[in-house]
Amino acid sequence: MGISFRLTKLVNQGGKKLLLVLAGLATGVCMVYAASTLNPVSYDGSYAQDRSQIEDLEARYMYALNWLDADSYAGTFTEDGILDWAGGVAQGRTEIAEEIHGMAATFAAEEAADAPLRPARKRHFITNMAIKVDGDTAQSRAYWFIMNNRNPERAGYSEAYGHYESSLRKVNGQWLFTKRKIYNEEYPDRTAPLANPAW
Amino acid sequence: MGISFRLTKLVNQGGKKLLLVLAGLATGVCMVYAASTLNPVSYDGSYAQDRSQIEDLEARYMYALNWLDADSYAGTFTEDGILDWAGGVAQGRTEIAEEIHGMAATFAAEEAADAPLRPARKRHFITNMAIKVDGDTAQSRAYWFIMNNRNPERAGYSEAYGHYESSLRKVNGQWLFTKRKIYNEEYPDRTAPLANPAW
Amino acid sequence: MGISFRLTKLVNQGGKKLLLVLAGLATGVCMVYAASTLNPVSYDGSYAQDRSQIEDLEARYMYALNWLDADSYAGTFTEDGILDWAGGVAQGRTEIAEEIHGMAATFAAEEAADAPLRPARKRHFITNMAIKVDGDTAQSRAYWFIMNNRNPERAGYSEAYGHYESSLRKVNGQWLFTKRKIYNEEYPDRTAPLANPAW
Numbered sequence: 000m001g002i003s004f005r006l007t008k009l010v011n012q013g014g015k016k017l018l019l020v021l022a023g024l025a026t027g028v029c030m031v032y033a034a035s036t037l038n039p040v041s042y043d044g045s046y047a048q049d050r051s052q053i054e055d056l057e058a059r060y061m062y063a064l065n066w067l068d069a070d071s072y073a074g075t076f077t078e079d080g081i082l083d084w085a086g087g088v089a090q091g092r093t094e095i096a097e098e099i100h101g102m103a104a105t106f107a108a109e110e111a112a113d114a115p116l117r118p119a120r121k122r123h124f125i126t127n128m129a130i131k132v133d134g135d136t137a138q139s140r141a142y143w144f145i146m147n148n149r150n151p152e153r154a155g156y157s158e159a160y161g162h163y164e165s166s167l168r169k170v171n172g173q174w175l176f177t178k179r180k181i182y183n184e185e186y187p188d189r190t191a192p193l194a195n196p197a198w
Numbered sequence: 000m001g002i003s004f005r006l007t008k009l010v011n012q013g014g015k016k017l018l019l020v021l022a023g024l025a026t027g028v029c030m031v032y033a034a035s036t037l038n039p040v041s042y043d044g045s046y047a048q049d050r051s052q053i054e055d056l057e058a059r060y061m062y063a064l065n066w067l068d069a070d071s072y073a074g075t076f077t078e079d080g081i082l083d084w085a086g087g088v089a090q091g092r093t094e095i096a097e098e099i100h101g102m103a104a105t106f107a108a109e110e111a112a113d114a115p116l117r118p119a120r121k122r123h124f125i126t127n128m129a130i131k132v133d134g135d136t137a138q139s140r141a142y143w144f145i146m147n148n149r150n151p152e153r154a155g156y157s158e159a160y161g162h163y164e165s166s167l168r169k170v171n172g173q174w175l176f177t178k179r180k181i182y183n184e185e186y187p188d189r190t191a192p193l194a195n196p197a198w
Numbered sequence: 000m001g002i003s004f005r006l007t008k009l010v011n012q013g014g015k016k017l018l019l020v021l022a023g024l025a026t027g028v029c030m031v032y033a034a035s036t037l038n039p040v041s042y043d044g045s046y047a048q049d050r051s052q053i054e055d056l057e058a059r060y061m062y063a064l065n066w067l068d069a070d071s072y073a074g075t076f077t078e079d080g081i082l083d084w085a086g087g088v089a090q091g092r093t094e095i096a097e098e099i100h101g102m103a104a105t106f107a108a109e110e111a112a113d114a115p116l117r118p119a120r121k122r123h124f125i126t127n128m129a130i131k132v133d134g135d136t137a138q139s140r141a142y143w144f145i146m147n148n149r150n151p152e153r154a155g156y157s158e159a160y161g162h163y164e165s166s167l168r169k170v171n172g173q174w175l176f177t178k179r180k181i182y183n184e185e186y187p188d189r190t191a192p193l194a195n196p197a198w
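Chains as they are written, first to last, in numbering that gives the first Met the number 0: chain F, 0 to 198; chain X, 0 to 198; chain B, 0 to 198.
Honestly, the hints are just simulated from the structure, not real lab data. Among the clues, some could well be false.
Pairs count within a copy or across copies, as identical chains cannot be separated in the list.
[Unchecked claim] Heads up, simulated BS3-like pairs for lysine-lysine below, C-alpha to C-alpha not over 27 Å straight-line:
1. Lys169 x Lys180
2. Lys178 x Lys131
3. Lys180 x Lys121
4. Lys121 x Lys131
5. Lys169 x Lys131
For reference, chain F alone in the conformation it holds in the complex (with noise of 0.2 Å):
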């Protein structure tokens, strides 16, 4: 029903070009998607005490690069901690602290380029938490998408998206990112993988 339904709207809205499309898939384009079985996800009776400071330490992070607050940023990583991005790997605090001093000076110069408009202000929203705990370790999937306003009327617009993938390990009480991988849509090496990220 699913597929009929929607085959037929498509041909309705995009005529012969997906006839032909049509054609195509019945001749043998592939349509195997990731199917995963499914396994019910158990919790512990710890988890909202758990999953509540993993989201605050996910926003804490959003707001320390925002703002290039490199320590605070840095600080949402454990010691050796690793962040994986699209301008490179970073390992341990210092190296991921340099990551925002380099945000910095990119910003700084945009800053100086569009002078006298006000600087712009790119922020990244955070959603779709998907927290998984098993002690003193978990796994967070999440959404980011952009917002940014680097026009000439500074008016808001959205931008890049993707997803963040991360390890985290608690310490002294205090849960942290041992690794955090990003996923950008906005570049070919670093969209997301084929089979859900998720559980």
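Could you slot chains X and B onto chain F? The hints should help.
Same frame as chain F, but now just chains X and B:
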């Protein structure tokens, strides 16, 4: 204060046309909006634990949807769960999984039509979760919107949006959707009701 | 590493103009950004319960706002609560409800101006909640952005964005806003401060 402030501003911005509208308002356009009586919301001692698991379910639902993981998607519903969306109404996990198979076919057709461009990536973001728990049942409200990059540059842009109204039941310790109705501001017949859907 | 990598990239993308900017940077443009000392964040045993109720309050605030439910909106504040936004400062539930009545009038005027198009739907999304609880008081930070569809096609687009800085108090078991200040990147006099508003 609020009214006069804003109407003046509108007049300044909109000019003659809005002056006519305001004249129209003065002669009888009805401005009645839904207003609920203020009721304190109560939360019992397990609210955090229930809410954290429901938030996680809401997130996993989105990963399953966007990665076309039909089994995991259907698995966020009870066996007899109902999905009510712009494409129709599906009941039970088999029918619900079919909806994802239908979307997969649509995306496969789009990918074929777009080649050699890399596949576009449509992502649903979820926010604004109002969650009310009553023992083993719950009500959830959430906002959603879509980021997509289906253009020649694969540049990100925001698209459709709307909200979810969901009923849930706890089955063997797992929160699952018994019904999920998807309001969608893109379609005139799926827009939100006028009264506050939360509480 | 981070700096040279990115500046090189900028030069490649922006050409001559950015080379001049970089020359300007080298001769004295100040690149000092706020950097906080890394302080461990502490959470007591009731954090999950408090956070979950505050998250729910933040969500219900948005439903009340977007559905112009003035009483529910005002009810998310304490009796003497303060709302500080682009439209002015309102204190107490009566004044705060007036702000919603003002918005309702604005939307009614827009709907009349847009007829026979269906009413546009402006929605505020909330994310990135950093929440700090200290007994019966709390501090909350959150991001917001707007989706709207006020065009002839009623096609969705993103619009304004900013962040909230809120103080809360628990009154008779209910978390309520004592003050909510709305930063808004659309207006030069409402943009965010330069220092990280979180912790």
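Against the structure, the hints come out as follows:
{"no.": "1", "hint": "Lys169 x Lys180", "in the structure": "within (18 Å within a copy, 33 Å between copies)"}
{"no.": "2", "hint": "Lys178 x Lys131", "in the structure": "both (15 Å within a copy, 25 Å between copies)"}
{"no.": "3", "hint": "Lys180 x Lys121", "in the structure": "both (20 Å within a copy, 20 Å between copies)"}
{"no.": "4", "hint": "Lys121 x Lys131", "in the structure": "between (30 Å within a copy, 25 Å between copies)"}
{"no.": "5", "hint": "Lys169 x Lys131", "in the structure": "both (13 Å within a copy, 19 Å between copies)"}
The structure meets every hint from the earlier list without exception.
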